[in-house]
Amino acid sequence: MQCNAANGLFTKPSGITDGRKETSFMKNPAVDFSVMSLNLRFGLADDGENRWEIRKQRLLPLFNRYRPDFIGFQEANAFQIEFLSQILPEHRYIGRRTPAPPFWQNTVLFYPDSWTCRWFDHFFLSDTPDIPSRFPESRWPRQCTFGAFSQKKRSLVCISTHLDFDSTVQSRSAYIIQNRLKEKSTDSPVVMMGDFNTTPNSHCHEILTKPEASDDENTPIFKNAFSSPYPPTFHGFSGKTEIGHIDWILYRGNIAPLNSQVITGLFEDGYPSDHFPLLVDFCWMSAQPNSSETKP
2 MQCNAANGLF TKPSGITDGR KETSFMKNPA VDFSVMSLNL RFGLADDGEN
52 RWEIRKQRLL PLFNRYRPDF IGFQEANAFQ IEFLSQILPE HRYIGRRTPA
102 PPFWQNTVLF YPDSWTCRWF DHFFLSDTPD IPSRFPESRW PRQCTFGAFS
152 QKKRSLVCIS THLDFDSTVQ SRSAYIIQNR LKEKSTDSPV VMMGDFNTTP
202 NSHCHEILTK PEASDDENTP IFKNAFSSPY PPTFHGFSGK TEIGHIDWIL
252 YRGNIAPLNS QVITGLFEDG YPSDHFPLLV DFCWMSAQPN SSETKP
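For our numbering, add 1 to where a residue sits in the sequence shown, where the first one is 1.
No lab work stands behind these hints: they were computed from the structure. Watch out, some of these pointers could steer you wrong.
[Stated by the list, open to error] Straight-line alpha carbon distances no greater than 30 Å define the calculated DSSO-like cross-link-like pairs of lysine-lysine that follow:
1) 57 to 183
2) 183 to 28
3) 57 to 28
4) 183 to 211
5) 211 to 185
6) 224 to 241
7) 28 to 153
8) 224 to 154
9) 211 to 224
10) 183 to 154
11) 224 to 183
12) 241 to 153
13) 153 to 183
14) 185 to 154
15) 211 to 28
16) 153 to 185
17) 185 to 224
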């Protein structure tokens, strides 16, 4: 798809103060761009003191402190996306499905308006990815959003996704994403982030990171921006991590992670979500700009 307002891009609202300017922020000059992944926890959940109307106030302090460039959200209801667009006025977004039921959860990508979105792709992790659908074993219709971005002569593809709980479905979903990306014929660097509902010792992770597990050994593989022992990412609003590293940030191409962290701190005396945010700072590996183009 070509990127335009009708396809779910955000146009800056008027009359909204950029709260991020109220805090000082010193960016490491070695960092070329940063990526954050966050399962937002859908806003219709009955979470008591952690319900959306309370915890949404914890997001701006998070973004103020870390200033991510690209943010991949999972489980975002439409009204949550509207709120995010207000507190992130220097960002636009892709991936929101319209029209959709009001309870629909979206897998969206927010990106800085200093970058140009060349094209994007939104599809379902199923046998019929171009229509709303799911595998029979899937609990929910799982989705994936691609975005191809450029800034000057640099180009980058970002992916936000959310996989199901079933291990067989996870593996099939990994193949779908891999093949969909192959269809784009891109040699731009790629960052893939999301809630994979499984840990790096899974077959799904092997499909994406080991050529022998792929259905095509010539397919470029990803690396995990984190290393073993992988830090847990789900805590259920308790701050206590009993489930492993189920949220990932993977990358491939001419980029390298400078810093990778799972953000476990409190914001406004609480947690923004039942998952911890993940943040990775990247740099370009070559001195010369990457002039490769991605294809819609």
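Hints and how they fare:
no.	hint	result
1	57 to 183	37 Å, violated
2	183 to 28	34 Å, violated
3	57 to 28	25 Å, holds
4	183 to 211	16 Å, holds
5	211 to 185	20 Å, holds
6	224 to 241	27 Å, holds
7	28 to 153	20 Å, holds
8	224 to 154	24 Å, holds
9	211 to 224	9 Å, holds
10	183 to 154	22 Å, holds
11	224 to 183	17 Å, holds
12	241 to 153	43 Å, violated
13	153 to 183	24 Å, holds
14	185 to 154	19 Å, holds
15	211 to 28	34 Å, violated
16	153 to 185	21 Å, holds
17	185 to 224	20 Å, holds
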